[in-house]
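Could you put together the complete structure from these sequences and hints?
For the sequence shown, this note's numbering assigns the number 70 to the initial residue and increments by one for each residue that follows.
These are computed hints drawn from the structure, not numbers from a lab.
Each hint should be verified, as a subset may be incorrect.
[What the hints assert, rightly or not] Label-pair ranges, simulated between beta-carbon atoms:
{"#": "1", "residue 1": "119", "residue 2": "86", "range": "18 to 28 Å"}
{"#": "2", "residue 1": "115", "residue 2": "93", "range": "22 to 32 Å"}
{"#": "3", "residue 1": "195", "residue 2": "222", "range": "16 to 26 Å"}
[As the list claims (entries may be wrong)] Result set (DSS-like, lysine-lysine): computed pairs, CA atoms no more than 25 Å apart in a straight line:
{"#": "4", "residue 1": "119", "residue 2": "93"}
{"#": "5", "residue 1": "164", "residue 2": "119"}
{"#": "6", "residue 1": "160", "residue 2": "191"}
{"#": "7", "residue 1": "119", "residue 2": "219"}
{"#": "8", "residue 1": "160", "residue 2": "196"}
{"#": "9", "residue 1": "176", "residue 2": "219"}
{"#": "10", "residue 1": "176", "residue 2": "164"}
{"#": "11", "residue 1": "160", "residue 2": "125"}
{"#": "12", "residue 1": "191", "residue 2": "210"}
{"#": "13", "residue 1": "119", "residue 2": "176"}
{"#": "14", "residue 1": "196", "residue 2": "177"}
For each residue, glycine too, the CB sits at the ideal point set by N, CA and C.
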Amino acid sequence: MSIDHNKVYLGAGMIEFVCSLEPKSEDIDFLTERLDEDACYAVQMPPSQKFGFFIKNGLMRQIVAGCNGIVIFGALFLRQIWVAKEFRGQKYGTKLIHAVEDLARNKKCSMIIVRTMSWQAKDFYLKLGYFVEFEQLGFEKNSIMYHLRKNITLE
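Laid out in structure tokens, this is it:
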């Protein structure tokens, strides 16, 4: 096997090896769909489902807060949450988290998983009943990534 300018040559055939720091959404979706197919076949799991919640200002219809993630294998993984600086302190983040928790219950998830850095929102999540499952060290400037979890009780 030899690699030459993003092309990998395997024996007589050629397979293109593409490294992208800005992959297309449809390429990422393709991978997710293939993993879903494997999971559905191997252990009869339902396919994953992406979600997003957005708060937009009234006049400009611009996003001022939002979050997104994926429901997968009986859990909800919150990938990111953001509130514009001028809208912080107005409970938009809390409203988004409550919407996420409602979705998790609706989808019968057993837990919500989220990650945050030491300089981000750990206290925010703790205040909302999440707990640190583990810490990951080794990031730049002695930053710590916290892996948090909240168990969901189905009502």
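How the hints compare with the structure:
no. : hint                  : verdict
1   : 119 x 86: 18 to 28 Å  : 27 Å, holds
2   : 115 x 93: 22 to 32 Å  : 25 Å, holds
3   : 195 x 222: 16 to 26 Å : 18 Å, holds
4   : 119 x 93              : 16 Å, holds
5   : 164 x 119             : 19 Å, holds
6   : 160 x 191             : 16 Å, holds
7   : 119 x 219             : 19 Å, holds
8   : 160 x 196             : 13 Å, holds
9   : 176 x 219             : 15 Å, holds
10  : 176 x 164             : 18 Å, holds
11  : 160 x 125             : 14 Å, holds
12  : 191 x 210             : 17 Å, holds
13  : 119 x 176             : 12 Å, holds
14  : 196 x 177             : 23 Å, holds
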